[in-house]
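Enquirer: Put chain A on the given structure of chain E with help from the hints.
Chains as they are written, first to last, in the working numbering: chain E, 6 to 350; chain A, 83 to 351.
For the record, the hints were derived by calculation from the structure and aren't laboratory data.
Just so it is clear, the structure is predicted and the values come from calculations on it, not from any experiment.
Beta carbons: idealized from backbone N, C-alpha and C, even for Gly.
One or more of the hints may lead you astray.
If you only want the chain E side, here are some residues facing chain A, beta carbon under 10 Å, derived [as the list claims (entries may be wrong)]:
| no. | residue |
| --- | --- |
| 1 | E239 |
| 2 | R284 |
| 3 | N292 |
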Amino acid sequence: MKKAMKMTSAGRLQWKALLVLALPIPAVILSLFVGTYNIPPATVLQTIFDKIAAPSSASVYSTILFDIRLPRIVLALIGGVVLAVTGASLQGVFRNPLVDSYILGVSAGAGFGAAMAIALLPAILGMSQLLAFSFGVLAFVITFFAARTKGETPIVSLVLGGVIVTALFSAGISLIEFMTNPDQLAGVVYWLMGSLSSASWSQVLEILPISIVGSLIIFLMRWRLNILSMGEEEAKSLGVNVGRDRLIVLAASTVMVSAVVSVTGIIGWIGLVIPHIVRMLTRTADNRVVIPMSAALGAVFLIVADDLARSLFVFELPVGLLTTVIGAPFFLYLLKRRGSVVWRQ
Amino acid sequence: MSDTIISVSGLRYSYGLSFSLQDISMGVDRGTVTMLLGPNGCGKTTLLKCMNALVVPEKGSIEINQKDIFKIGRGELARLVGFVPQSHTPSFPYTVGDIVLMGRVSCMGIFQQPSSEDYAKSDIAIELLGLSALRDRPYTQISGGERQLVLIARAIAQEPAALLLDEPTAHLDFKNQFMVLRMVKKIARERSMAVVMSMHDPNQALLFSDAVALISSGRLLSMGKPEEVISPESMKQLYGMDTEIISHEGRKLVVPVLSGKIDPLRSFS
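Chain E extracted, bound-state conformation (with noise of 0.2 Å):
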């Protein structure tokens, strides 16, 4: 395993790599099966095949596949890459292997402006997107300007200005909640949770652009994101403009975690727990491996969780819960077996 999963010299990945980073496909199609509908597996075949041979065709079944399961697996698929890359990208910038793509205040500033929009604006389509993701890069830059000082902005500085924005939006959120009436609560608990129920086209149109850009910019500097890793003066003697390049990353992570964060809800422990089994299972810390590698794996995580949160019982759980609910224990297990390998000082 060890071996196999390193990059060679040539910076080339060994075929064991390929077929991780091939492993979302497999998840994807086979997660067509899962719903609350229940459709046979045979059934289900017949149908992709009909649609590939004729894509116009309409069925109710085809409806279900292609209008209902798809777009949400698909919204699943880039959550999970999202968050998975930028946990990864922003433990690196904060040199801490226990920060998550939460780190700047974007969940509790999200969740604010989502919030906002279920209990005291009028109930207007997408209304709750535009002002969760609106707030989430809000937060991120009120954090940023919080810590900058004399032209600088030092990591202890960006840690407490997350904490410090995070607190104040989740004062926000719990005056909402206190406010609200049991109904709109009701919403503003379940948004909060984090569930992809609501998938459709449209929302995954919405977020596809920037989450492209963003993990194409995160993916780009994988490896200077090993020099962000040691610090502003070392890198800065290895001749990185240290300000510059971690003002993109934090603005590429962010903006693209909002954008998720917007449609989804918030959805914890992905980007905490995802880089670390991807570390822990590759055994090597370089981020040329550990970036791609993080959104498969968190592709495939997310993708299955959300089969579980939609068949597990005849009612649908949040997905957030779940991911938590297996992504903590699990963490525990390759702590407890693998993580003296990782972490020795």
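Expert: Showing chain A alone in chain E's frame:
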């Protein structure tokens, strides 16, 4: 072409009330090792940071290869001067090869990945420091002396004209101190680099340096060949303690006088 690689003139820097560098001027030639000696807090590390433009002085100038280091970008500066920090443990267990490869970043665009040429150059640096056997080992699992060598290899992969080291022997055992310093001197000669390092032990300066700069309370007391600069008088002035210089097979050694007087700790002024 001049032999002087680093030239510092009229440098002044102050930080708060307690700490300063005053009117420092010095030159460092190619292929030589210069050691900065002085008590803790005298300004050695600050001077090194100035030479790497990590802190900006109020007055004076520093040129490396006739270029004003405060007027060029970080990338260009990294090709002039390499900095070796005190060995430390990074947050992530990169391999020795990964760490040395980082030295190549100054030659690359923001979205660029290391090429086979970059691998070749970092391999040369790894071999130069005798680290080939450790290439795939996590940096977090090697000894302190080996880590110091890895950081030096990374600076060599950067291919700079000058090399700065911040107390490269701190936290190292007896053998590793000797190994690291011998290696640095060899590199200075072979690669014609100008090397500056901060040090604590005057005996190591006598053994391995071509020039010594004595720094006390932010001022340059004297600079010159180690055997000329290091004397009982200058050690008394620098560290406030009594020493004698003895000779052994043509080499000079500084030995503390056991019953000698030691001045109380001085506050930085």
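Enquirer: Work down the list of hints and note, for each, if the structure agrees.
Expert: Here is what the structure says about each hint:
no.	hint	result
1	E239	6 Å, holds
2	R284	8 Å, holds
3	N292	9 Å, holds
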